[in-house]
Amino acid sequence: MSIASTSVIQIIPRTRRGVELLLLVIAIAVSVGAYVNIGITVQDKVPASTGYYAAGIGLLALIAHLALRYRAPYADPVLLPCAVLLNGLGVAMIHRIDLGLAIVAEARGRVPKAAAAPQQITWTAVGIVLFLVVILVIRDHRRLQAFTYTAGLAGLVLLVLPLIPGLGVNLNGARIWIRLAGMSFQPGEFAKICLVVFFAGYLVVKRDVLTLAGHRFLGLDLPRARDLGPIGIAWVVSLGVLVFESDLGSSLLFFGLFLFLLYVSTERAGWLIIGGLLFAGGAFFAYTTFGHVHRRVTDWLDPWAIDGGQVKLGLMGQAWGGILGRGLGQGHPEATLYAQSDMIISSFAEELGLTGLIAILLVYMLIIERGLRTALGCRDIFGKLIATGLAMSFALQVFVIVGGVTGLIPLTGLATPFMALGGTSLVANWAIIALLLRISDQARRPQTPAAPVSDDTIAMAVQKQ
Amino acid sequence: MNSAIRRLAVAAIILLLALMANSTYLQAFRSNEINGRNDNNRVRDSQFSVNRGPILIGSTPVAQSKEVDDRFKYQRTYASGQVYAPVTGFYSYLFGRGGLELTMNSELNGSDPSMAFRRIIDVISNRPQQGGSLTLTLNAAAQQAAYKGLGSKTGAVVAIEPKTGRILAMASRPSYDPNQLASHDNESVAAAWKSLNADKDKPLSNRAVQELYPPGSTFKLVTMAAALSSGKYTPETQVASPAELPLPQTTVPLVNEDGKNCGGSNNATLTVALRYSCNTAFGTVGMALGPDALREQAAKFGFGARPLAELPSVATSRFPGDPNEPQTAQSAIGQFDVQATPLQMAMVAAGIANKGEVMKPYLVQNVKTPDLKTVSETKPESLHQAVTPEVASQLTAMMVDVVANGTGKPGAIGGVQVAGKTGTAQTAKDRPPFAWFTAFAPADDPQVAVAVLIEKADVARDDVAGGRLAAPIAKQVMEAVLGR
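Those protein sequences? They're chains S and V, same order as listed. Numbering-wise, UniProt numbering puts 334 at position 334 of the first sequence, and it's gapless, one number per residue. Numbering-wise, UniProt numbering puts 342 at position 342 of the second sequence, and it's gapless, one number per residue.
Careful, some of the hints might be misleading.
Straight-line alpha carbon distances no greater than 25 angstroms define the calculated DSS-like cross-link-like pairs of lysine-lysine that follow [as the list claims (entries may be wrong)]:
| hint | chain 1 | residue 1 | chain 2 | residue 2 |
| --- | --- | --- | --- | --- |
| 1 | V | K355 | V | K373 |
| 2 | V | K66 | S | K45 |
| 3 | V | K73 | S | K45 |
Hint data in this document are derived by calculation from the structure and do not stem from the laboratory.
Only chain S is shown next, with the shape it has when bound in the complex (with noise of 0.2 angstroms):
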């Protein structure tokens, strides 16, 4: 084995929760302190509704806090705090815009759309609620293994949901919604996960035959034909979301996620070749034979082309938010189309500018590198897989849904994380997260019971792998 696998990992059993406590104070600080700017300078005053956001932000990540204590003492401390900062920052923004509608409404003579930003908190106590299942019914992540063909099939089926007559909806070009009782839900943020743990569960098991059984070709270890069939499944299935469902984004998220997990349970780089080769091969399909992806790669290729073109818009409004932003409430977030749900990246850039930007940005690399991190230190194969899985799941949907809006890549319908208009995602999240924080008490905990731990007598878990 490699000399970075033999290294030793120090864990300092200290529980940490009163460093949470402190970033959930300043999370719930920065978001309530835009929320009240907002309201300043859209509406010359302090919001009315300042104290239910408040309160419900503040309670919601007060329950998440103790829940953990209670049952959760060693998991990760920076977790939480950044998932709450980012889903207050959404919730003040999609607010903010919910404003800026409603006075361009008013300008127009129409009745302005009812506001997006108390169904979305509203979400948010659902995602906390999922939170707290989580955290209280899964006491050990491990006991997922047992219902990894349990996960794979549910996966499947969410997937195929939005597929079927009557209980699927067509919604801005994709196939990706189902309604039921009024509702929208968007099983395929839940799918997600299923599929993570399916994959895990999976490759555990089978990791041995396609590490072990291959030949050297060019220097890469390649794997058998035979043992082909994972990763051909997993791109057929992709391709079937892209092409059923029209869902570029959903189709490269579970793509990528397989891929990664099957690179990091059998180390061998020749899965990641195959797959990248694999992947070209499918998005150049798909950009000759659907109009669609074929219409998105024109967009970002020449975005000024098309008039009141979402990207364009989204691209307007970030220069104009330059390096320091217009300021909250002092932009036109409103003018670019879906501003609150694909575009909310592109609403943070212009009123807080690159430099919020880049603050953003810096708060999901937290919780991708926390979320790694917790896969390092972890004890057990499927725990390692699942947080790996988890944690890329959040690089992959920042990379191609920021990267969509800022014109690095073409533009997919993926939810920006905790920010983005949508109840679905915004549980799925949080489903993550505590899944994330889950494995990461399991990896920090003690192996044995901890002594009471003061600063100079520091114990320290040794693990191999």
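With chain S's structure known, arrange chain V on it following the hints.
Same frame as chain S, now just chain V:
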């Protein structure tokens, strides 16, 4: 496994760094280009909400932004809008900008690099962006006199301070009310815009600088300047001035306006020729000098170059490229393809008045920040020495004679020596000729040079003459400047 996870961690960082790098390129380096796009409604909206600086005459605003309670926060208003519209232009959400509102936009909205320091302070102290103010060179009394003088006639007036090139008056009729276009009521703005554009009298056009006209006999000043500068002529030189001058290569002779010879002489002096504006005498001189000499002289007065960069779509006056002999004779009297703006003819008079030195005309005296710090101050600038001071004083004496004894009598002001020249330019057979008058006063210490053009007036065709129609307006403008 851990080494693979570490590699993924590095890969994730690289992905996010790529996003940051791309956004930095977009927001720090490409933002100006994207903000400047015409289809950028966001920037237009925001600029429309800026407290735009006023346009001032002295300390009186002719255009200013007033706070209002709608989505744009500020309403642009124009005092005496019709009078100043050719200069201020308009500021419309739907149809963009015109006049100084267009050309001085960055100064007026405060985004100009010259105000960058102040803008940084505004950002730090969280004050909204505020625009700078323009102080114009216009003289309110002269501007009012010009506008009132034109009355219901179609035409334009330009007055210049000869020593500096400051524009004292610039009026154009028919005019329009910029307030109509600056309204926040998009429907009424669209309706006003439509009717203004449909109007065949082109009220949106600034006739003082944007339209070209044959200058007619006022161009004889240029011909005369070329003659005197050539050294072959003096004011007393006699030239052929019959009632009809046969032109080579054509059967159509050049005739005098009244069909007679020049002041009773077939060989008039140049002074007499100018006094009675004899076409045949100037045709003779023009053909003798040749087109190149005329063109060079015209260029020295500003023909062929675009004057007044401060306003948009300013037309370039021209002398024809390669006229043959009869065309040269026609050109020498400001016909054929000679084209000039009223501003250009005012520059000719101002150049003669300023001892032969033509000053660069300008409209904006200075630009100031909202806290009244001067950002820029326009300094008088010389364009060309069009004629020597000697020739200039000869021309002045001849022009004084025109007003005292000749066609320019209606331009005379009691107690002040006025130097002037009339013009009546033929155009198509079926439309009335254009009436011109250009002058300056007082002749011995010129304070103001003026050019008046009447394109259309409700008078009988035979009554159209520069002296009768245009000179009284020039007189009123000069009186206003001189304070009489």
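To see whether the hints hold, each was checked on the structure:
1. K355(V) / K373(V): Cα-Cα ~35 angstroms, so violated.
2. K66(V) / K45(S): 23 angstroms, holds
3. K73(V) / K45(S): Status holds; Cα separation ~17 angstroms.
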